[in-house]
Amino acid sequence: MPTLGELATHLELELHGDPDTPLDGLAAIDVAKPEHLSFVSEKKHLHRLEKTEAGAVILHPDWLEAWSGSALLSPTPYVSYAHATRVFDNHPAPSGDIHTAATVAESVLLGDAVTIDAGACVEADAVLGDRVWIGAGVYIGHGATIGNDTVIKPGAVICHAVKIGQRCTIHPNATIGADGFGYAPSDAGWVKIEQLATVVIGDDVEIGANSTVDRGALEDTVVDDGAIIDNLVQIAHGVRVGRQTAIASQAGISGSTQIGDRCVIAGQAGMAGHLVIADDVHIGGQGRVASSVTEAGHYSSGTPVQPLRAWLRSASRFTQLDQMAKRIAELEKATGLDQQEDGKA
Amino acid sequence: MPTLGELATHLELELHGDPDTPLDGLAAIDVAKPEHLSFVSEKKHLHRLEKTEAGAVILHPDWLEAWSGSALLSPTPYVSYAHATRVFDNHPAPSGDIHTAATVAESVLLGDAVTIDAGACVEADAVLGDRVWIGAGVYIGHGATIGNDTVIKPGAVICHAVKIGQRCTIHPNATIGADGFGYAPSDAGWVKIEQLATVVIGDDVEIGANSTVDRGALEDTVVDDGAIIDNLVQIAHGVRVGRQTAIASQAGISGSTQIGDRCVIAGQAGMAGHLVIADDVHIGGQGRVASSVTEAGHYSSGTPVQPLRAWLRSASRFTQLDQMAKRIAELEKATGLDQQEDGKA
Amino acid sequence: MPTLGELATHLELELHGDPDTPLDGLAAIDVAKPEHLSFVSEKKHLHRLEKTEAGAVILHPDWLEAWSGSALLSPTPYVSYAHATRVFDNHPAPSGDIHTAATVAESVLLGDAVTIDAGACVEADAVLGDRVWIGAGVYIGHGATIGNDTVIKPGAVICHAVKIGQRCTIHPNATIGADGFGYAPSDAGWVKIEQLATVVIGDDVEIGANSTVDRGALEDTVVDDGAIIDNLVQIAHGVRVGRQTAIASQAGISGSTQIGDRCVIAGQAGMAGHLVIADDVHIGGQGRVASSVTEAGHYSSGTPVQPLRAWLRSASRFTQLDQMAKRIAELEKATGLDQQEDGKA
Numbered sequence: 123m124p125t126l127g128e129l130a131t132h133l134e135l136e137l138h139g140d141p142d143t144p145l146d147g148l149a150a151i152d153v154a155k156p157e158h159l160s161f162v163s164e165k166k167h168l169h170r171l172e173k174t175e176a177g178a179v180i181l182h183p184d185w186l187e188a189w190s191g192s193a194l195l196s197p198t199p200y201v202s203y204a205h206a207t208r209v210f211d212n213h214p215a216p217s218g219d220i221h222t223a224a225t226v227a228e229s230v231l232l233g234d235a236v237t238i239d240a241g242a243c244v245e246a247d248a249v250l251g252d253r254v255w256i257g258a259g260v261y262i263g264h265g266a267t268i269g270n271d272t273v274i275k276p277g278a279v280i281c282h283a284v285k286i287g288q289r290c291t292i293h294p295n296a297t298i299g300a301d302g303f304g305y306a307p308s309d310a311g312w313v314k315i316e317q318l319a320t321v322v323i324g325d326d327v328e329i330g331a332n333s334t335v336d337r338g339a340l341e342d343t344v345v346d347d348g349a350i351i352d353n354l355v356q357i358a359h360g361v362r363v364g365r366q367t368a369i370a371s372q373a374g375i376s377g378s379t380q381i382g383d384r385c386v387i388a389g390q391a392g393m394a395g396h397l398v399i400a401d402d403v404h405i406g407g408q409g410r411v412a413s414s415v416t417e418a419g420h421y422s423s424g425t426p427v428q429p430l431r432a433w434l435r436s437a438s439r440f441t442q443l444d445q446m447a448k449r450i451a452e453l454e455k456a457t458g459l460d461q462q463e464d465g466k467a
Numbered sequence: 123m124p125t126l127g128e129l130a131t132h133l134e135l136e137l138h139g140d141p142d143t144p145l146d147g148l149a150a151i152d153v154a155k156p157e158h159l160s161f162v163s164e165k166k167h168l169h170r171l172e173k174t175e176a177g178a179v180i181l182h183p184d185w186l187e188a189w190s191g192s193a194l195l196s197p198t199p200y201v202s203y204a205h206a207t208r209v210f211d212n213h214p215a216p217s218g219d220i221h222t223a224a225t226v227a228e229s230v231l232l233g234d235a236v237t238i239d240a241g242a243c244v245e246a247d248a249v250l251g252d253r254v255w256i257g258a259g260v261y262i263g264h265g266a267t268i269g270n271d272t273v274i275k276p277g278a279v280i281c282h283a284v285k286i287g288q289r290c291t292i293h294p295n296a297t298i299g300a301d302g303f304g305y306a307p308s309d310a311g312w313v314k315i316e317q318l319a320t321v322v323i324g325d326d327v328e329i330g331a332n333s334t335v336d337r338g339a340l341e342d343t344v345v346d347d348g349a350i351i352d353n354l355v356q357i358a359h360g361v362r363v364g365r366q367t368a369i370a371s372q373a374g375i376s377g378s379t380q381i382g383d384r385c386v387i388a389g390q391a392g393m394a395g396h397l398v399i400a401d402d403v404h405i406g407g408q409g410r411v412a413s414s415v416t417e418a419g420h421y422s423s424g425t426p427v428q429p430l431r432a433w434l435r436s437a438s439r440f441t442q443l444d445q446m447a448k449r450i451a452e453l454e455k456a457t458g459l460d461q462q463e464d465g466k467a
Numbered sequence: 123m124p125t126l127g128e129l130a131t132h133l134e135l136e137l138h139g140d141p142d143t144p145l146d147g148l149a150a151i152d153v154a155k156p157e158h159l160s161f162v163s164e165k166k167h168l169h170r171l172e173k174t175e176a177g178a179v180i181l182h183p184d185w186l187e188a189w190s191g192s193a194l195l196s197p198t199p200y201v202s203y204a205h206a207t208r209v210f211d212n213h214p215a216p217s218g219d220i221h222t223a224a225t226v227a228e229s230v231l232l233g234d235a236v237t238i239d240a241g242a243c244v245e246a247d248a249v250l251g252d253r254v255w256i257g258a259g260v261y262i263g264h265g266a267t268i269g270n271d272t273v274i275k276p277g278a279v280i281c282h283a284v285k286i287g288q289r290c291t292i293h294p295n296a297t298i299g300a301d302g303f304g305y306a307p308s309d310a311g312w313v314k315i316e317q318l319a320t321v322v323i324g325d326d327v328e329i330g331a332n333s334t335v336d337r338g339a340l341e342d343t344v345v346d347d348g349a350i351i352d353n354l355v356q357i358a359h360g361v362r363v364g365r366q367t368a369i370a371s372q373a374g375i376s377g378s379t380q381i382g383d384r385c386v387i388a389g390q391a392g393m394a395g396h397l398v399i400a401d402d403v404h405i406g407g408q409g410r411v412a413s414s415v416t417e418a419g420h421y422s423s424g425t426p427v428q429p430l431r432a433w434l435r436s437a438s439r440f441t442q443l444d445q446m447a448k449r450i451a452e453l454e455k456a457t458g459l460d461q462q463e464d465g466k467a
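Residue numbers (our numbering), protein chains in the order written: chain A, 123 to 467; chain B, 123 to 467; chain C, 123 to 467.
What the hints contain is simulated information worked out from the structure, not anything from laboratory work. Each hint should be verified, as a subset may be incorrect.
Repeated chains share a single entry, so a pair holds when one copy, or any two copies, can fit it.
[Said to hold, decoys possible] Computed list of lysine-lysine pairs in DSSO-like fashion (alpha-carbon distance at most 27 Å, straight line):
{"no.": "1", "residue 1": "Lys155", "residue 2": "Lys173"}
{"no.": "2", "residue 1": "Lys165", "residue 2": "Lys155"}
{"no.": "3", "residue 1": "Lys166", "residue 2": "Lys314"}
{"no.": "4", "residue 1": "Lys165", "residue 2": "Lys314"}
{"no.": "5", "residue 1": "Lys314", "residue 2": "Lys285"}
{"no.": "6", "residue 1": "Lys166", "residue 2": "Lys155"}
None of these values were measured; they are calculated from a predicted model.
Given these sequences and hints, build the entire structure.
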């Protein structure tokens with residue numbers, strides 16, 4: 123159980139209060155108890171300090187007036203909170219062993235302190251860096267490369283020749299490097315296009331549970347350094363996901379689309395293939411991106427939920443929109459408004 | 123092969139006809155043969171009885187006029203049909219054994235008659251209740267708790283410290299308790315927020331194949347008793363799914379959203395984070411829920427499919443809607459209708 | 123490394139140029155080097171030949187004027203490219219062995235040259251055809267049937283009694299034959315309807331990574347010959363997917379819907395249950411199909427992405443559409459346009 127003083131030292135934050143205060147966990151401000159460290163990430167939440175029982179709070183130095191208890195002062199309280207979660211992290215640690223119930227081909231190159239758990243299968247010519255952790259039941263295909271300190275969680279499948287960088291986490295049941303969805307239509311049906319390229323994942327990337335990143339046909343699928351990808355996301359063949367781009371759950375990126383750096387793609391958004399998305403583009407939930415986006419900014423599509431009957435009327439009218447627009451134009455003509463309002467539509 | 127009389131006794135239904143009629147299966151009314159039990163769940167389907175060859179039919183006592191054959195009478199025929207499916211169930215039964223090709227840590231607490239199939243891995247300090255069935259290749263993390271009579275199907279991953287209640291079914295390749303998607307943005311990129319809480323699943327819950335339920339950051343993700351969740355569903359960190367709420371395939375619930383009891387969320391619906399959804403709310407397919415829903419009822423969003431050319435016109439006009447509304451207002455002003463119709467818009 | 127002449131013979135294409143040209147791979151026209159075979163699939167891409175360094179190009183005989191280098195002439199260059207990918211295929215080959223770390227029940231029927239990799243589990247009474255390849259960690263349920271030359275990739279789960287035809291590929295972590303999502307509502311909550319039927323998959327079918335195809339309640343779920351299904355797709359119980367129908371990533375088909383032959387369902391499209399979709403129907407990305415489609419053709423739904431502020435106005439107006447339409451009608455009445463334009467709306 124760390125003390126407030128130890129936390130201040132570890133997190134490199136200025137301390138306000140008794141350094142010997144013991145803290146045994148993190149909690150949200152509304153539920154925190156005296157044994158908890160908490161945090162306020164935005165000024166608008168300062169009023170919540172009034173009722174908190176937290177033993178100490180991470181907050182911005184400018185906000186000290188609002189709080190008389192113990193504090194850790196940070197110019198970026200939310201980032202400091204993120205760092206603090208590592209102090210209290212309760213995830214199991216790797217054993218550092220190759221489990222006897224794992225299957226590891228002889229030609230596999232193993233770094234130092236590699237962990238391979240029960241039921242995992244590492245195929246010939248794979249290369250596992252230092253401190254790599256291969257979870258239970260994981261599959262690492264022929265010639266795949268996993269960088270130092272990367273963790274592949276249970277049930278994930280990493281296909282042949284896939285390259286994953288350092289300090290990545292691939293979450294359970296994700297599939298990296300399955301065949302892209304490529305077929306040539308012919309009179310006899312779909313003719314499969316073998317996917318000859320692979321997937322290249324940079325450093326510090328996370329890929330969520332049950333997500334899929336397909337291998338390229340002729341050019342690699344690329345996920346750049348620092349990108350974070352949530353659960354059940356589809357990254358099709360030949361896609362590039364830029365540096366530090368975030369893609370939320372159930373979003374899907376179609377083949378060959380190139381997404382810039384620092385983009386944020388919200389849940390269930392979908393992108394057509396062969397698009398180019400600029401840096402710093404934010405797409406709202408369920409966004410329907412059918413053409414390239416050349417300018418940074420926030421974009422959205424879709425319609426809001428309505429009570430069913432009201433929606434049925436809206437949806438029905440949607441199919442009449444073109445006619446409605448033409449009727450407005452007729453009315454403007456009939457009333458002479460089109461002369462005044464010329465060019466408005 | 124049960125007889126009609128045995129079925130009546132088992133299902134606790136009044137019998138009409140020959141109790142010795144042998145029945146070897148269930149079939150839909152249109153395809154049922156004399157060896158089949160069938161059912162009519164709604165009055166509007168009664169006409170289908172005219173052509174059926176079913177050996178016996180479950181139906182409402184009020185509908186007996188429409189049927190001269192053997193019958194089981196139920197005030198809720200569809201529920202009785204559901205019960206009857208258990209009689210004819212053909213799923214394989216658990217062996218009751220710990221397979222020699224399973225890996226079970228010494229400290230695991232095993233109830234009575236636990237089955238653990240080949241390739242499964244159960245980590246230290248996990249607790250498996252009576253008659254729990256851990257399927258082939260399943261991963262049960264450190265300290266996870268699985269209640270009596272719960273079945274974890276092949277390939278599912280249950281992460282550390284996850285708690286699952288009694289009589290649950292977790293379908294193949296589902297992932298319960300992977301890290302929630304939490305990161306603090308910083309100048310140096312995304313800083314991971316370790317997810318310190320877990321997932322708590324009540325009793326009588328089903329979670330579909332390849333679905334993901336993420337562990338909480340500071341507060342647990344909760345799926346309450348009797349909730350049913352279909353395939354490929356995303357339940358983000360800190361979400362609460364209420365009692366007996368049903369979530370259909372590919373729906374996604376963002377972080378910290380609280381869904382009430384007895385809600386029905388249709389396929390591909392999406393909910394933003396930090397919302398509160400009342401009890402008994404129904405959201406239609408692909409529903410886009412961006413704000414809280416405070417009243418029970420049916421809600422929907424989206425637009426209907428149209429032939430491509432017609433849709434292109436509608437979609438294009440959608441982007442001009444605000445202008446169209448203003449043009450209508452101008453017209454009302456020009457024609458004096460705005461005086462009469464004041465307040466209408 | 124094949125020569126151009128060998129490729130011509132293998133692909134049965136007319137050769138133009140030096141048959142001894144060695145070619146060691148395929149590359150897209152813009153990046154191809156002298157050691158690469160490339161292709162032009164559409165006339166509009168012919169201008170790209172000007173700058174290519176490709177050693178040889180597959181193209182239509184009519185386009186030879188645009189290219190003075192070596193060529194393979196094909197009436198369907200894209201199909202020939204697909205065939206050529208097989209020549210250069212770099213996927214690992216099956217070992218032809220049953221791995222000692224696989225678990226195979228005694229009663230399993232094994233064809234010739236079957237491969238079963240480490241950690242796979244094949245249950246009693248399963249039938250594996252000739253040259254079937256069961257990947258690492260795969261689960262094959264009781265009595266499942268896998269046709270000749272079919273490949274089940276690592277981590278996939280094939281539940282009991284599922285039937286898969288010949289030359290199919292089931293990609294990693296897919297789940298075939300989990301229970302359909304069937305429950306009867308009762309006062310005491312949802313009563314599970316045991317799913318008594320199975321999944322029947324024809325020949326030459328591909329099912330993508332992490333996709334789910336549920337078993338039927340009373341009637342089988344069917345995926346017909348030559349259908350191709352991408353990643354993270356949901357096929358619910360009782361659905362029929364017609365011959366050579368293509369379903370892109372994250373699309374979802376609800377229970378009992380019958381999709382015709384040669385349909386193309388784009389990414390994230392969703393279909394309600396109990397629909398009938400004609401042959402040769404194309405549904406655009408995120409298409410919201412709530413009723414049957416009786417005529418072949420292209421259909422779409424949804425709205426285009428807009429910059430956030432503009433979209434907020436459009437979305438808000440969408441909820442007022444019915445009122446807007448009524449206001450237009452009032453205006454038409456007030457101006458007498460309704461007499462001239464009668465019947466237009």
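Taking the numbered hints from earlier one at a time, note which ones the structure violates and give those numbers from smallest to largest.
Those not satisfied: there are none.
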